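K.L.:
Assemble the whole structure, with the sequences as input and the hints as a guide.
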Amino acid sequence: MRRYSFRSNVDFKINKWLKVGKSLSFSHAVTEGLNTGTNALSGNLIGAARLLPNVRVLDPDNPTGYNITPNGAALGQDNNLRPVDNNFTNLAFVLDNNVLKATTRRILGNAYIEFSPIEGLAIRSQIGVDLLNTEDFLSYDPRHGDGRGANGLLISTNRNVNLWNWQNTISYNKTFAEAHTLNAVVGLEYQRIDVRTFTAQGQNFSDLFFLQENIVTGSAQTQLIAGGYTPSGLESYFARVNYSFKDKYLLSITVRRDGLSDLAENNRFGNFPGGSIGWRISEEGFFSNASFLEFVSDFKIRASYAVVGNTALASSFPYAGLFGSAQYGGIPGIQFSQAGNSDLQWETSNKLDVGFDLSLFQNRVNITFDYFRNDVDDLILAAPTPASVGIPGNSIDRNVGALENRGVELRIAGDAIRANSGFTWNVDFNISFIQNEIKRLNKDQDIILEYTINRVGEPIGSFYGFTWAGVNPANGNPMWVKGDGSIVQYNIAGNNYRLFNPEDPGDLSQASSLSSTADRSIIGNGNPTWLGGLTNTFSYKGIELQIFLRFSGGNEIMNVTRQATLLNMGFQNNGREILDRWTTPGQVTNVPLVWQGRENTINNTGFADTRFLEKGDFLRVQNIILSYNFPSSVLQKISKTGIRTARVFGQIQNAFVFTDYSGLDPELNQSNTTNSAFGIDNNTNPIIRSVTFGLNLGF
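So in the numbering used here, spot 462 of the sequence shown is number 1775, and the numbers just go up one at a time.
Think of the hints as simulated: they come from the structure by calculation, not from any bench.
Among these hints, one or two may not hold up.
[As the list claims (entries may be wrong)] For each label pair, taking beta carbons as the anchor points, the in silico distance ranges come out as: (1) F1582 x T1830: 19 to 29 Å; (2) L1476 x A1415: 37 to 47 Å; (3) G1866 x D1324: 23 to 33 Å; (4) R1686 x R1316: 35 to 45 Å; (5) P1705 x W1908: 37 to 47 Å; (6) A1415 x F1489: 55 to 65 Å; (7) A1700 x I1483: 54 to 64 Å; (8) T1830 x G1531: 52 to 62 Å; (9) S1589 x N1446: 32 to 42 Å.
[As the list claims (entries may be wrong)] When the alpha-carbon atoms are kept at most 20 Å apart in a straight line, the in silico SDA-like pairs for lysine to any residue are as follows: (10) K1335 x L1476; (11) K1756 x R1768; (12) K1414 x K1335.
A quick note: this is a predicted structure, and the numbers were derived from the prediction, not measured.
Heads up, the beta-carbon is just placed ideally off N, CA and C, and yes, glycines get one too.
P.N.:
Printed below as a string of structure tokens:
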């Protein structure tokens, strides 16, 4: 990855009543990725895990220089008596010759003007833009791997996201009689986002030369273009009033009226109120005059409640009946693509928070505690419709979902050491305990996915699968617990299911079954139930060392990599766990008998299984930053340069991780587009470790 960035901030106070300013940042990043798929052709991890150790990477006798079969279909078998199963590729060829490159350019800018005609009154207008351009370039070599079947494949995608935001506010801030402080803000905001995508694809190329940098006109026999345009807008009116009496009694009231373009005109606007109260008990006479409470610097209790609307719906314009492009017999046309629902309402979050802030020993130690509950209501979900109705996708969006998140948060921060020599050690610790529960679905019907389920009364994306009962020591058959509590074994030799008799483990006389409906149950939760972080900052005479630790747990991970890749039973490499396979009657092990061609049933591939469900607890050393701030005495000597501040630093991100999870990373997740399939590790690449060096200058 190569990344360049620039940032500037300028503020001018023209006179005592007029200010203007702007900020601008630009970043350019180029990332050259790996073949991160999960199959034999495109998966870097699955390919590396399954490649046989006795097969060469290079072959000087092959025209490509790599050890591949003469027709280019798979990795060469060398001196093995049979080819590698499943046509796995030569990973070195794939990594050296396929190109996956993403280029990202982003401009963030805003400008403002603020007018203060009288003391305490400010009239401000601010406009901001966020311009994002991404270019994805994918090129597959025709000689071997993903591009072989297409005789070369090239896909070039350009995506532009243009966002502008215009905000106008009038604020008033005044203290009366040295006791009453009033802060009021009213304003309006307009926001628009336009997303444009364009994709050009070609295959069956005339020469490798045309697969290097960009798609070239006339170089591919089969060509495809695709694209899309999605606009959205938000119109908001808001007001907020904050009042405090002697900084002891605190009150805040907020109201918003938001209009979202993704909803029908009659339901486009929603009203969202909120408010909070606070009591600084430490300012009361009975508290401040109590000598036994002298160590308490500040103590405030508070509560807040607000209704918030969700502006990021799962799909654009779900209220509208839409027609989309289609082809019939090669002739372009249109077709019914979405059944709209003009009755859709806002998705809302009802947020409650109760807590306190406590400072001790002259603010040396600060403690914050919160209890929170977030009730999300009127979730827009796809409600199934009968196939005979002819609705696209056999579903229509409705406000039929609800879920709840609740928990507590604790933060403790303070200076552990303040030495006269100038050495300081600051500690900042936080931890949260969270529970998630689905409250309502369409007719309270389960939504069943590949490894997970959404069910009323359970956490979202709960693991739904089979309960492992171990290996039958008599014959090496895998066993599971059925829904009725009995135990079934897969008779590997007979390729059928048989009831397990604990009195006679070798008995295979009673037929049985393993049902994907009757014998599956909720077996785990992929969502962490506790998480937090710890930051230690050490400072001494301009030198600063910051170490940030992050932890999480209480969840499970479905290790599909272990299930389908590391315990495969084909003519491929395996993980070490396969060495513990059952081989002899009476042997006690957790790895069944190996039988080539039947590993999918033996390992229950494609289903969640407690055999492959592992704890996801971890402690990660997230950031280590060592920096030095040049003293002002040094900068004064070079004052002609205009440099006011200078800082040099080095940083390591994702330095270490400590976990009992057997996979590459406990935070792996095969899908980043849904919270209903969290905690699934399917040959997923781990989080990268990065090292950064930099210099910050202030003028």
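K.L.:
Falls inside 55 to 65 Å, the C-beta gap from A1415 to F1489?
P.N.:
holds (56 Å)
K.L.:
Does the beta carbon distance between A1700 and I1483 stay inside 54 to 64 Å, or does it fall outside?
P.N.:
With Cβ atoms ~56 Å apart, the hint holds.
K.L.:
Just to be sure I understand the hint, the distance between the Cβ atoms of S1589 and N1446 should be within 32 to 42 Å; is that true here?
P.N.:
Because 40 Å falls inside the window, the suggested range holds.
K.L.:
Can the suggested window of 37 to 47 Å be confirmed for the beta-carbon pair L1476 and A1415?
P.N.:
violated (20 Å)
K.L.:
Is the Cα-Cα distance between K1414 and K1335 20 Å or less?
P.N.:
Distance of about 33 Å is beyond 20 Å: violated.
K.L.:
Using the Cβ atoms, figure out if P1705 sits within 37 to 47 Å of W1908.
P.N.:
About 44 Å separates the Cβ atoms of P1705 and W1908, which means 37 to 47 Å holds.
K.L.:
Range first: 19 to 29 Å. Now tell me if the beta carbons of F1582 and T1830 are that far apart.
P.N.:
Roughly 44 Å apart at Cβ, these two residues miss the hinted range, so it is violated.
K.L.:
Cβ-Cβ distance between G1866 and D1324: within 23 to 33 Å?
P.N.:
violated (44 Å)
K.L.:
Holds or violated: the 52 to 62 Å window for the beta-carbon distance between T1830 and G1531?
P.N.:
At 54 Å between Cβs, range holds.
K.L.:
With respect to the beta-carbon atoms only, verify the hint that R1686 and R1316 lie 35 to 45 Å apart.
P.N.:
40 Å Cβ-Cβ, so the 35 to 45 Å window holds.
K.L.:
Does the structure keep K1335 and L1476 at a Cα separation of 20 Å or less?
P.N.:
holds (17 Å)
K.L.:
Mind checking the alpha carbons of K1756 and R1768 for me, to see if they're no more than 20 Å apart?
P.N.:
holds (11 Å)
Hint violations for this structure: numbers 1, 2, 3, 12, all remaining hints satisfied.
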